[in-house]
Amino acid sequence: MGSGGRAVAAVLMAATAVLGAVGAPAAVAAVAAPEGAKAGQQARAWLPEPTGPYPIGTTALHLTDTAREDPWQPGHRRELMISLWYPTSRPAGPADRAPYMTPAAGEHFGGPSGVGLINYGAEPGSTDWSGIRTHARTDAPALPGGRRPVVLYSPGLGDPRAWGTALVEDLASRGYVVVTVDHTYEASEVAFTDGELAASVLPGMLGQPDLDIGAVLRKAMAARVDDTRFVLDQLAGLGGRTGLPTGLAGALDLDRVGMVGHSAGGFTALQTMHDDPRIAAGINLDGQLHFPGPDGRNGVFLPTVAEDGLDRPFLLMGTGSDDSGDYRRQPGWNALWQHSTGWHADLTLTGSRHGSYTDGQSLLPQIARQGALTADRLRADVGDIRPGRAELATRSYVASFFDRWLRGHDDHLLDGPSPRFPEMAYEG
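Residue numbering for the sequence shown follows my numbering, starting at 1 and increasing by one per position.
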């Protein structure tokens, strides 16, 4: 990476730290390389198997908000890509699993200008991101059996919607319809169905010497909330859309909607929940709720969700990063906690780092073993927790929360500390 790329990476990392910082290095367990990896080849990796009883289908939709100008591209209507993940009747075979990323998106994500790649430090061109396969069958018919609760997923700042696929697939395999949202021109890249690739504007913006980082972040968060509310509107009208997989429109129960997001997506989940009563329950995966700015008290700007609190259930899930963990350590989390009347809890995944709630927890150790990522950077991104334990804990607590508040099934995992997950510290 050249000096310009390193400068962009440094500024971007400083900005993303506002919404969930990468912590200090620690020891990490060795990870076996994928079978067949050879010197000189691009690193390859796979996603962990979903744990639920249902096979998964997926479909992608291109949406246009004709009533809203794109905040990053004046004069253009706001366009988004979303994916729906849902139970189906027949599992995908090895030859028909949906790709993790399109070839164009994977090449950009893995190249020197890929914002997502800069965030996670892999060597440009070292990894075959588009060669990764999901466990879902593209455009498979939805499993009959009535309407299912819906969960929205929003990724971190600069990350594409694909970067949470392991968690999303697991929820879908348990019977949820999950909708993932790309936040166009902020995400590292968005591949539209017509072949267009919309790259992030953030690297160019963040290179400006007098840039107000807090203002940029607040603009991004406002766009994300607007995106999410628009997606909810569009989901209500899916029945009139042609070309959808059989049975999918009728499978969505929009009276039972939850939302989960990582980092900036965690902010998006809770702020949208504050602004829109259609979201009944939300999870924030290591996303801070405060911003820098001269217009805030003592240089800290709190969004309305933190100042007003929430009257519906929410879960905060922190990491072992230096400024994460206990809600009392973050002004936004603390304000939200004090002002909320709905059920809430705070969990900390000990030994983890900011990337542990993303696909980075499973994918980065694999590519590091093949030389695509340094050991120090791997430790900074996902800590020293064993990947399998981090994945299992994250999936179990997220599913337990949504099962309780969207389905009325309480396994009591969220009642307090659990001997099943000693690595998860609980603050009720």
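One or more of the hints may lead you astray.
[Said to hold, decoys possible] So the derived label-pair ranges between C-beta atoms look like this:
no.: 1; residue 1: GLY293; residue 2: HIS62; range: 31 to 37 Å
no.: 2; residue 1: GLN73; residue 2: ALA375; range: 35 to 41 Å
no.: 3; residue 1: ARG329; residue 2: GLY416; range: 19 to 25 Å
no.: 4; residue 1: PRO112; residue 2: ASP139; range: 29 to 35 Å
No lab work stands behind these hints, which were simulated from the structure alone.
Even for Gly, the Cβ is constructed at its ideal location relative to N, Cα and C.
Hint check results:
The beta-carbon spacing between GLY293 and HIS62, approximately 34 Å, falls within the hinted interval of 31 to 37 Å. For GLN73 paired with ALA375, a C-beta distance near 40 Å keeps the hint of 35 to 41 Å intact. With their beta carbons about 21 Å apart, ARG329 and GLY416 fall inside the hinted range of 19 to 25 Å. About 34 Å separates the C-beta atoms of PRO112 and ASP139, a value consistent with the hinted range of 29 to 35 Å.
Checked against the numbered hints above, the structure violates none of them.
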